[in-house]
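Residue numbers (my numbering), protein chains in the order written: chain P, 529 to 681; chain C, 392 to 1242.
Hints in this document: simulated from the structure, not taken from any laboratory. Treat the hints loosely; a few may be bogus.
With a Cα cut of at most 30 angstroms, we get these calculated DSBU-like pairs of lysine-lysine [claimed, not checked]: (1) C:Lys-393 with P:Lys-654; (2) P:Lys-654 with C:Lys-901; (3) P:Lys-669 with C:Lys-393; (4) C:Lys-393 with C:Lys-901; (5) C:Lys-928 with C:Lys-1020; (6) P:Lys-662 with C:Lys-687; (7) P:Lys-662 with C:Lys-1020; (8) P:Lys-669 with P:Lys-654; (9) P:Lys-662 with P:Lys-543; (10) C:Lys-393 with C:Lys-687; (11) C:Lys-451 with P:Lys-669; (12) P:Lys-669 with C:Lys-901.
Stretch by stretch, here's where chain C covers chain P in the computed footprint (C-beta under 8 angstroms, at least three residues) [claimed, not checked]: (13) 562-573; (14) 629-641.
Just so you know, even glycine gets a beta-carbon here, dropped at the ideal spot from N, CA and C.
The chain contents come next:
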Amino acid sequence: MHLATYIGLQHAASKTLADSFRQVAEGHVGEPDVHSLCHTLARASDGHVDRLSPVAERYGEQREDEPERLHAEGLSGIRSGGVGLLRDLQDLYLLASFVDITWTVLGQAAQGTRDGELLDVVETCKTDTQRQLKWLNTRIKQAAPQALIATAT
Amino acid sequence: MKDRIADIWGARTPHARDTPWPVRVDTHFDSSVSEGDVDRWVQSACVLCSNGCGCDIAVKDGRMVGIRGRAADTVNHGRLGPKGLYGSWQWSRTDRLTRPLVRDGNGALVESDWDTAMDRIVERSRQLLATDAGALSHGFYTSGQLFLEEYYTLGVIGKAGLGTPHMDGNTRLCTATAAAALKENFGSDGQPGSYSDIEATDAVFLFGHNMAETQTVLWMRVLDRIHGPNPPRIVAVDPRTTKVAEAARATGGVHLAPLPGTNQALMNALIREVVHNGWVDERYIEAHTLGFDELKATVEPYTPEHSAGICRVPADDIRRAARIFGTSERVLSTVLQGFFQSHQATAASCAVNNLHLLRGMLGRPGCGILQMNGQPTAQNTRECGADGDLPGFRNWDNVEHVRQLAKLWNVDPMTVPHWAPPTHAMQIWRYCEQGSIGLLWISGTNPAVSLPELPRIRRILQQESLFTVVQDGFLTETARYADVVLPAALWGEKQGTFTNVNRTVHLSDKAVEPPGEARSDLDIWLDYARRMDFRDKDGAPLITWSGPEEVFEAWKECTRGRLVDYTGLTYDRLRGGSGIPWPVNEQAPEGTDRLYADAEFPTHPDVCETYGHDLLTGGALSEQEYRAKNPDGRAFFKAAPYVSPPESPGEEYPFVLTTGRTAYHFHTRTKTGRSRQLQRAAPGVWVELSVGDAARLGVREGDLVRLESPRGAMQGPARIGRGRDGVVFTPFHYGYWDRPGTDGAAPGGSPSAANELTITEWDPVSKQPLFKIGTVKVVRMADATGPSPAPTTTASAPADPDGVPATVGGPGAEEREHPDACEPPRPPRQPEAPPQPPGSGGTTSTTGTKG
């Protein structure tokens, strides 16, 4: 069943997202709001990993079968400066968007298979993911003009 | 004759609930002058805290020589506090700046003239505007102590002349959370309650608000109820045993002393108790609010026991406080820096608004909310767009609001930056640090003492990439780092208006000429605008006014139809009687004592000042998301779970540090430090430890101790005080301008500024820095040479008074009090509200509910 694959996929992606938030937090300590909120948002993704664990166990997580192109890549490294911050936040945005749409996919399948437990996990976790996206969007909008126009190259 | 250093609040004039607060006229003169010598009295209001007491300035031979409270003013009924009495004019003939200063070839600040100084600014300005960064290279950091006319002019120059989003004030440090919380719950900034609620209330909740010291005259108003028949019960939330906390015990209320950083856990428990006991107004909630179910679900885990464990307070005290809130007929709440400058500031302040919405306790006598301000004119910084807001409480994310401003100023809407919220102060400083802001214009504030993490701020101010203009009355710590210093006229030396915590607008007339070549901040900015030749889109000068009254008339047009409606005011109307609370318009010609009497809130999408935020992260809601809620006139419950603060005590730094003020000083003492009486009352820094902590550390009263945080260190004599264990307090007033052994700007061998220690961290919604949660360790340095200089009359009183001399004013501190000099003034009557359709596109009802 492909659902098991997708649960494994989301389990791994949530872990990657948590790690990536922490990576950005530690890579941008000069931006105190980024540092502290990325840690807060990483903890939300940690929670998702925990919430998904029993479901993954029940379905028999099948990480090895993940189609390679669906695998969510984490951040390769941290960039510095105003533009670097912008790019790192954009990477987080892409990753969080992937997690967000994967909740949608899982939610649909959970309804199809009448899996109440999975549906409950999806509904609560998706709210957190959207909070992550909302913050990233807000922070990126704030940072963009100064980074692209006013930062010396 | 009274000594109001020794007796901060003066004689009581007790009265019963629902009777007017009696008048008491307080007067103080320079010791060389008596009342008969005074040439003339000039009307004003005090600018040494946010209360906004009406006063008259005594003038003799062209000098300010005395002050008297205005009996007719609804704010103070004649009273003044010690700062007003002893610090309002006493600085005026001291070491003022009288000529512009510029850097010479050796980098020294030398006296110059206005043309040279302004030309240097304009040259730098033009040079930066010609780069790719354009206006994004310009930052303005202003104050909460200038006048409305000055802020509005600055706002127009920045937003329509230059087009920079980088404008904020030190109001970010004092009042940003008040504005943010009001916007989140009610759709717009605008104080719901009134000081007159004190006369009518049955319980006063002071959340992180040491009113007895921060607004001494407002506390007199509370004391006069406490000492009368049927007094209100007081509930104090404060880690220190303040006079407010003592009053809580004396009135059968509660003193809750949560560990700093845990306010949200406490608030969630209070809300849960109120909900679980059914102390809610279901009809009000149903008709006038949104988000109740989410609030209920969010607070559910916060049982009194659970929160008691986090806050380290007794669970029963939480229950008792909730019962007082839930069962008193009328409740007034006030909120200040204990919430605003702490972790989860906006969430916890919104929680206070939530409590009032739960009981429908708004807009009726005695049932008010006062989200306080820290500074006398902070409200105007917020209203006029000199901080991170658009003028007239407009929404930066609402295209129509931006178009209104562009039309008013006759510029292209694209000129007015509105792609994101205006840049908050901490981010402006970050851009300076990174070099993308190349000109920072600082007016009426002293960030080299008042911002968090001073070693970093001093570093930024010294960066080659940053050209700094400082505009002030004195050579402050910050001014010593400036490239150009402009001498500013201060209070009493210029004309303008300003607005206090409960929306009361006062006119402050010019009493005397400024010293030397000093000019008003308004004149300085008008000069800059002329030299820069800012034009509107038709090629006419952008700024068309030349004096304060013309600016005021222009400002009125900016407020027309908004909640913050000034259109019914004129300078003449503000002369002679009392200050007048806005909105003042055709429907409310006498002004408006309290908002939301009809429970109609300015939340319609076309009207609101914000579409709201996620309280945990500050993530902004989009217009579409906001419209989908269909708020039309209903208020929002705003919920957030408690999360742990960014820095918690541990092995290396075992104490939580909280900073604050004493009754005798304002900010960095630029004025109060030049008053003999005030400076003698609180002459130097101290470090306050609890009895238990001091015993464990082997520290005794007066011993020199050093505080170290991960960022810096400072030191001072210890006061063994009455705070809770695990918490260290130190006042933030003591910089270096008058400190021997320093260069007047930076610490020498013995740093005294609290902000050497504080953390660069801010609330995600209001962006207010967290001055009250860093961690420190305490190191004992030397034996006492005497008791610490901390005042004994306030929250800093010693746990053991033996051997500590009482704080007194002594010669020259004589003050005259004249109780019951006349009948008390009455607040404006509540006008009868004509019904208006919700969402009528920005029009304001008499109670200001749709604006």
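Hint-by-hint comparison with the structure:
no.	hint	in the structure
1	C:Lys-393 with P:Lys-654	65 angstroms, violated
2	P:Lys-654 with C:Lys-901	60 angstroms, violated
3	P:Lys-669 with C:Lys-393	57 angstroms, violated
4	C:Lys-393 with C:Lys-901	29 angstroms, holds
5	C:Lys-928 with C:Lys-1020	38 angstroms, violated
6	P:Lys-662 with C:Lys-687	23 angstroms, holds
7	P:Lys-662 with C:Lys-1020	17 angstroms, holds
8	P:Lys-669 with P:Lys-654	22 angstroms, holds
9	P:Lys-662 with P:Lys-543	20 angstroms, holds
10	C:Lys-393 with C:Lys-687	52 angstroms, violated
11	C:Lys-451 with P:Lys-669	56 angstroms, violated
12	P:Lys-669 with C:Lys-901	44 angstroms, violated
13	562-573	holds (count 4)
14	629-641	violated (count 0)
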